[in-house]
Amino acid sequence: MLGDSRKAQEVFHATLREAAQRAAHGELPSEPFWLFREARWRCLEATKNDLQPEAVEIDEHDLGVAAASQIERLDPAQLAIWISAAPDPQRSALALFYLDEFDYRDILDLAELKLNELSRLLARGRRQLQAWLDAKFPQPDQA
Amino acid sequence: MKLLSLMRRRRALLNCAPIRADQSVERSMRAAISRVDGSADFISQQNFDRAVARVVRLIPIPAESAEWFSEKDLVPASQGTWKKMMRNPAVLAISIAVAVIAGVFVFNFLSHLNDFPASATARKLLGTAASTRPVMLDPVNAEAGTLSDLFFMKHGLEHYDVPAEFADFGTIGCRVFEDDESRRIAQIWVAEKHMQFFLFPAERDGKTGAVLRFPGWRYVHQEGWTGAVTEHSGVCFMAAIRGRDKDLEPYIARSKE
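Protein chains in written order, with our numbering: chain A, 72 to 214; chain B, 5 to 261.
Chain A with its partners taken away, still in its complex shape (with noise of 0.2 Å):
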């Protein structure tokens, strides 16, 4: 989500920190995914003074056979930095999707999203990413 383990150290320990106060005054929420939703509206506070990414147009490619292989090929935190630098929703959708913790009905209630809406975001994401990988690891056949 942040694309920054000092930061995202700083959201944890501070949810963390919430959870323990909650728990002390015997507030905690009885909603399961509280803990995480907290950290998400965390993380979106601590990236609304960043230098936000430009509102560009960015490449979209059809998934291709040779994905799998360009993925292994990635440095997990540029993969983390990549998501990160979504714009939000897609963002939140990316991170919990591919945390591969959720069920896709529990990601609607997380990220407060539409149905319709999460799958718009995860497909385009794919095709983004795939843009990318593209252009970092040129296939033969596109080179």
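Don't read these hints as lab results, they were simulated from the structure. There's no promise every hint is true.
Subject to a maximum C-alpha distance of 25 Å in a straight line, what follows is the list of computed BS3-like cross-link-like pairs (lysine-lysine) [as the list claims (entries may be wrong)]:
| no. | chain 1 | residue 1 | chain 2 | residue 2 |
| --- | --- | --- | --- | --- |
| 1 | B | K6 | B | K88 |
| 2 | B | K128 | A | K185 |
| 3 | B | K250 | B | K128 |
| 4 | A | K185 | A | K119 |
| 5 | A | K185 | B | K87 |
| 6 | A | K78 | A | K119 |
| 7 | B | K197 | B | K250 |
| 8 | B | K88 | A | K185 |
We have chain A; now place chain B onto it with these hints.
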């Protein structure tokens, strides 16, 4: 239009299809996946997602934060599993069946909680009270307490005495009849709140023949009628009224005073 929207929804679900094949999914997602399972586009999407998820798992987490997670799952699985289990039609059906059976047991238990010897007969007689019409009784204009002589002299019924609490009520009619077990029942209709009195033999022990006694007054209920029953000298007396316990309580409380 409906078909179009259904197809759009399926397409939307497929875009959100779970990354892991072993991940449990709800029915609409399962149906959407089964329709395209094996298609090149969907396989390509799944391979893409799995590859991305593998790299995401490698994204370094600061050690200080990582130790909070240790080996545990990010999301507690029990809540979702429990909800999903409760939504399972088979579990739901069994739960409802168990609840109904438990309800019947509780109902029976509560119904028989206040049972006493002669309560079954008393309930039957409340049914009789509900169906009795004044013309079915011999007209008698007297005090209820004086009818014990009539029952003894005319029908040979001993100890068919109306308790003191109800003895001074004016009667409209009375009769003696046999129930389905050939027990002789005396029925008195009084003017007071259209109450009916019943006198009938107390229950006896099947082996010894001893009267099964019970102390004080006991209440029975049937079809909107309430009866207050007491036993004396092997004969039960029941005052029956269309209403509730509180309609009879003042008369019984009066005797205690």
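Taking the hints in turn, this is what the structure says about them:
1. K6/B to K88/B: Roughly 28 Å between the alpha carbons, so the hint for K6/B and K88/B is violated.
2. K128/B to K185/A: This hinted pair is violated, its Cα atoms lying about 63 Å apart.
3. K250/B to K128/B: At roughly 21 Å apart (the allowed maximum being 25 Å), K128/B and K250/B satisfy the hint.
4. K185/A to K119/A: holds (23 Å)
5. K185/A to K87/B: Holds. K185/A to K87/B sits at ~22 Å (cutoff 25 Å).
6. K78/A to K119/A: holds (13 Å)
7. K197/B to K250/B: Between K197/B and K250/B the Cα gap is close to 13 Å, so the pair holds against 25 Å.
8. K88/B to K185/A: The given pair, whose Cα atoms are some 21 Å apart, holds under the 25 Å limit.
Hint check: violations occur at hints 1, 2; the rest are consistent with the structure.
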